[in-house]
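**Student:** As a plain string of letters, each chain reads:
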Amino acid sequence: MFEVDIFTKKGFKDSRGEHVLSDILDIGIKGLKKIDYSPFYIIDGSINKSEVKMIASELLSDKITERFKVVSGVEDKKYKNSIIEVLYKKCVTDTVSESLVKAIKDLGITKDVKVKTGHKYYLHGNVSRDILNKIAIKLLANTLIQEYKVK
Amino acid sequence: MKKVKALILRAAGINCDYETQAAFEVCSAVAERVHVNSLIENKNKIFEYDILAFPGGFSYGDDIASGKVLANEIKNKLGDKIKKFSLSGKPVIGICNGFQVLVKMGLLPDPKLFEQISTISYNDSDKFECRWVYLKTEKKAKNESNCIWTKNLPDVITLPVAHGEGKFIPVNFKLLEELNKNNQIVFRYSTKNGTIPEYPLAPNNSVEQIAGICNTKGNVFGLMPHPERYIFALQHPARESFDGEYGWGKIIFQNVVDFVK
Amino acid sequence: MKNKISCTNCKTIEILNLSDKELVNFSDKNVLSLSIDEMKSIQFYFKKLKRNPTDVEIETIAQTWSEHCKHKTLTGIIEYTEEKHFKKTKKIYNNLLKETVFKATMELNKKWCLSVFKDNAGIIEFDAKNGVAFKVETHNHPSALEPYGGSATGIGGVIRDILGVGLGAKPLANTDVFCFGNLDTKNFQVPEGMHHPKRIAKGVVAGVRDYGNRMGIPTVNGAVYFDDGYMANPLVYCGTMGIIPKNKIDKKVNSGDLILVVGGKTGRDGIHGATFSSIQLDQESDISAVQIGNPIVEKKVLDTMLKARDLNLYRSVTDCGAGGLSSAIGELGEKTGVIVYLDKVPLKYEGLAPWEIWISEAQERMVLAVPQKNKKRIVELFNKENVEAVFIGEFTKDKKLMLKYNNYVVANMDMSFLHYGIPKPKKFAVCKVKEEKIQKFIKMTSTDLSKIFKSALSDLNVCSKECIIRQYDHEVQGQTIVKPLQGADIEVSGPGDAAVIFPYIAISGTKKGIVLSNGLNPSYGKINTYKMAASAIEESLRNAVAVGADLEKMSLLDNFCWGNPNNPETLGSLVRAAIACYDMSKAFDVPFISGKDSLHNEYSIGGKKYSIPPVLLISAMGVIENVANTVTMSLKNDGNKIFVLGVTRNEIAGSVFAKIKNIKDGIVPTVYPKESKEIMKRIYKAISNGLIECCHDCSEGGLAVAISEMAFAGDKGVEVDIDAIKTKGKLGVTEILFSESNGRFIVEVIPENESKFIEIFKGCVFAEVGCVREDKYVIFESLKNKIKIKEKSRNLLKVWQNAINL
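Chains as they are written, first to last, in this note's numbering: chain A, 1 to 151; chain B, 1 to 261; chain C, 1 to 806.
All clues stand as given, with none of them false.
Quick list of simulated restraints, FRET-style, between CB atoms:
no., chain 1, residue 1, chain 2, residue 2, range
1, A, ASP112, C, ASP343, 19 to 27 angstroms
2, A, VAL150, C, ASP343, 41 to 49 angstroms
3, C, ASN254, A, LYS149, 51 to 59 angstroms
According to the in silico footprint, chain C covers these stretches of chain A (three or more CB under 8 angstroms from chain C):
no., stretch
4, 19 to 29
5, 92 to 100
6, 140 to 151
The following residues of chain B were derived to be distant from chain A, with all beta-carbon distances above 12 angstroms:
no., residue
7, LYS3
8, VAL26
9, VAL30
10, ILE46
11, LYS81
12, LYS84
13, GLY89
14, PRO154
15, VAL156
16, LYS181
17, PHE242
18, ASN255
19, LYS261
No wet-lab data here; the hints were simulated from the structure.
By construction, the Cβ of each residue, glycine as well, lies at the ideal position given by its N, Cα and C atoms.
Kindly produce the complete structure, drawing on both the sequences and the hints.
**Tutor:** In structure tokens, the structure reads:
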């Protein structure tokens with residue numbers, strides 16, 4: 001299993017991150033300076049790291065505005081900032097992953113792969129864990145269909 | 001007289017294929033909507049046509065990023081044919097999602113290179129924007145753009161845009177300079193008077209307000225606005241027309257039909 | 001024994017020996033929403049069969065008999081008592097809908113109504129060869145829980161209604177109407193477990209945007225209404241209009257035809273959606289009630305299905321909506337009987353029990369009846385475009401519903417019991433008609449009037465919804481020729497009254513168009529639901545007429561969203577609205593062609609019950625003879641004259657003004673059908689003759705708001721002599737400016753056309769009230785009362801434009 005994280009390159013606008021920040025201010029939570037949005041993908045199957053790197057560079061990231069990181073297993077590196085991670089619950093249809101499976105085949109990788117898509121939000125600033133949970137529940141995850149982790 | 005044949009490429013999620021077909025038909029071309037699957041089955045079919053159009057829509061849901069999955073499919077399964085078609089000088093157009101596809105597979109700005117060296121990214125507003133805009137044509141620049149699609153247009157025209165990802169970004173400053181130098185920038189968002197606009201007249205905050213580009217030869221053209229939605233005066237919000245009947249979009253399609261003839 | 005009920009994957013439910021109380025408990029525990037009478041008829045039926053039902057059978061009955069599928073309240077028996085002026089009158093309705101809404105349509109008996117109240121949508125004639133179909137649905141409960149997914153599947157569902165009408169219509173336009181809580185609600189005011197209205201609004205809009213835009217269907221008309229009453233229970237209406245050849249309207253199923261399911265795979269999505277929609281929301285509302293949509297799958301189904309339709313490859317079709325396969329196949333096979341092999345249904349993942357497969361509401365699925373001879377061709381056609389198409393059974397002759405799973409019979413019931421075995425419920429309804437007293441004069445200074453006027457323009461229910469409209473691709477397909485936002489050039493805009501679609505691609509060579517509009521006045525309904533319904537009908541027609549529609553070619557859809565019908569007063573208010581539908585439909589000579597209701601819009605928390613303010617949404621559709629004869633609402637040229645058509649009365653109750661000033665008294669705007677019908681007919685004549693430059697209907701906010709909208713949309717100024725406006729009864733300046741009397745229009749006329757224009761309106765109440773000014777100031781003046789309001793047109797535009805940002 002591999003995890004691929006996508007980041008906006010320096011110098012390019014992270015509209016989604018800015019949007020989320022303004023939503024957070026909107027619900028009256030102060031203390032955050034910046035949010036970096038980062039989509040991530042969990043790819044599983046009989047596939048090797050160089051193939052995953054190819055998928056990441058050809059499909060998952062934009063060559064001009066984004067960079068990617070491939071990790072074997074699941075990313076668990078400690079960051080100094082808080083992270084909220086959101087994933088669909090099991091049994092909830094993940095339409096992006098369906099398209100992605102097709103695109104991987106088009107790339108010429110014929111092995112069977114399973115993909116899960118998720119979102120990470122890196123929060124810069126001082127907020128308590130309670131507040132992070134609140135942000136997750138009120139804005140970032142719908143707990144009916146998604147699960148979230150605060151790291 | 002020769003009947004001009006246009007291929008309108010269809011794929012899952014493409015949804016401006018009918019109006020693009022209609023636009024060519026108004027200009028008395030024969031336009032056929034062809035599914036990407038049947039083109040992949042019969043790769044040389046493409047050479048039966050004079051014009052290739054990538055219409056707007058949300059190919060494969062724009063999952064991952066706009067146009068990405070279709071660009072990947074075409075590049076890997078039809079890449080050499082599309083490249084050959086483009087380099088032969090036949091007209092190719094990518095509108096909205098079609099433009100995103102052309103840029104992401106690298107057919108624009110340089111079909112010879114055929115590598116992605118620019119991108120179309122999220123609007124600065126982080127919103128889908130459906131509105132009419134002013135476009136400055138590159139007439140006023142020192143050298144008129146050599147785009148075969150946009151001859152005979154005045155300095156400023158209006159067309160509608162409808163996209164969430166329309167911000168054109170070249171890989172570096174050098175490429176931007178080259179695009180400028182080679183007159184490859186065909187349309188820029190502008191004010192009514194042709195000056196630099198602000199949001200919302202600049203709907204996505206594209207680099208240098210770029211709304212459409214072509215290759216150096218001028219036959220491959222991609223743009224975010226929708227010329228196929230302004231064929232008739234009736235389609236304009238205030239029903240404006242240059243001749244009482246047609247809209248600016250008609251001229252764009254007529255240009256290439258006449259070019260092929 | 002082949003046909004004996006048995007299976008390892010399905011359970012037999014012991015109900016034969018249950019007591020009444022145990023039957024009720026059983027229904028509640030399993031989220032079946034079946035009443036005691038219904039449970040008893042099921043028990044009786046199975047006693048006759050001398051066996052217990054399976055879980056598949058019980059679930060099938062619960063789905064088929066659900067409020068959502070059967071509309072049992074509005075088609076059931078209602079004993080209605082009305083109290084007016086201390087006098088009580090009683091009336092029994094055996095089927096409220098048939099005796100009101102539907103009755104009017106039958107009596108009007110329009111030749112051009114091609115299919116009404118029987119298929120998935122109503123169809124009227126477009127031209128000699130084609131019809132237009134229109135349907136509006138509600139998707140409230142799922143949207144409260146998961147606003148994005150809920151509204152996305154709402155729009156996805158109504159598009160499938162249009163795909164499933166006749167042998168399938170091609171969708172041309174979507175509409176959407178939402179009711180939300182107030183956006184400035186404080187966080188602590190939001191009930192536990194609910195989302196903030198802003199999050200709901202954003203999510204709902206994003207859901208409609210992402211689904212509608214990806215489908216390539218323009219969202220061209222709609223409304224958004226804000227009131228605290230919708231905080232815990234938002235309303236989401238989605239509509240779709242489509243075009244269908246007349247020879248594809250009839251459908252039938254023959255015994256021996258195969259059952260083909262196409263599109264999405266089946267998962268646990270939306271299990272119990274149909275029964276769930278008639279249950280009050282609570283904090284533990286179930287996850288599986290939420291469906292997730294995939295518009296690209298639906299787009300592929302649309303593209304391919306219409307191809308198969310034109311090749312005559314199938315004989316009938318319907319969509320999988322509420323109740324999933326159980327409703328779709330149960331409906332198609334009602335007259336023949338069916339056998340279905342549930343193990344053949346393509347699944348998203350393993351582990352679904354047979355009953356789950358059968359009632360799942362997974363999205364993007366259609367069911368087709370295919371003659372044996374087309375078996376191969378149709379599957380090939382779908383597969384060519386990567387659409388899954390699988391035969392799962394056959395229509396039989398025995399009028400039975402037979403379901404098998406891995407060769408075991410898991411259900412075997414009579415179609416007649418399933419469709420007609422439901423006992424007719426009897427409900428009680430009462431309505432005390434409130435006395436409305438005329439509001440005393442409200443005297444205000446020019447400065448105060450100015451202030452109120454701007455508050456009205458920026459009121460959430462009046463202000464620009466541009467931030468929503470622009471997120472929808474309302475111009476895809478290139479056929480939207482009267483757009484939701486209208487203006488002199490692309491930098492200014494005002495609210496269009498109605499949208500016009502010019503289907504020049506779908507119907508090559510046509511000059512005709514289709515107009516779509518709506519009417520909605522929940523604030524009137526808080527006082528008087530009869531007037532709310534009448535006003536909504538009049539408003540929807542007014543809106544259509546304002547862009548150039550012919551009243552004689554209009555049709556209506558009703559969508560009732562109400563609270564708990566078991567409460568006699570709630571049901572009483574609904575009965576009155578239904579009576580208004582009959583009265584107005586007859587008076588305006590405009591038929592209803594389809595409708596839908598969503599009851600039980602109630603939310604209980606901490607033991608306290610919240611019920612929504614009732615809403616009747618009226619959606620109107622009509623055919624326009626020549627699209628060149630349509631107008632917009634923006635003022636066109638300096639010096640042109642402004643006329644107000646219709647009477648202004650002292651009708652302040654329920655108005656935007658009353659809300660701002662917190663006024664509780666007054667008279668709710670009444671509809672005077674005779675007056676307004678005359679005006680509407682003549683407006684059509686005047687627009688067709690090119691005598692009207694622009695036209696706007698006068699609704700929420702009153703005259704001052706409507707006239708300024710025309711001014712800033714045209715980037716013009718305007719001056720209005722308040723004293724010239726025709727009134728009836730006692731009114732001061734305040735009432736004239738803010739009263740919301742129905743039946744009024746404002747039009748712009750070129751001086752040269754004035755005499756011809758006046759000739760047409762002879763006999764109607766109307767007056768010239770001012771002119772278009774080149775200096776871009778909006779001025780309202782009464783010399784008699786020494787009142788003058790003067791504002792810059794562009795400033796008013798900003799006030800109107802910047803009130804909401806979603």
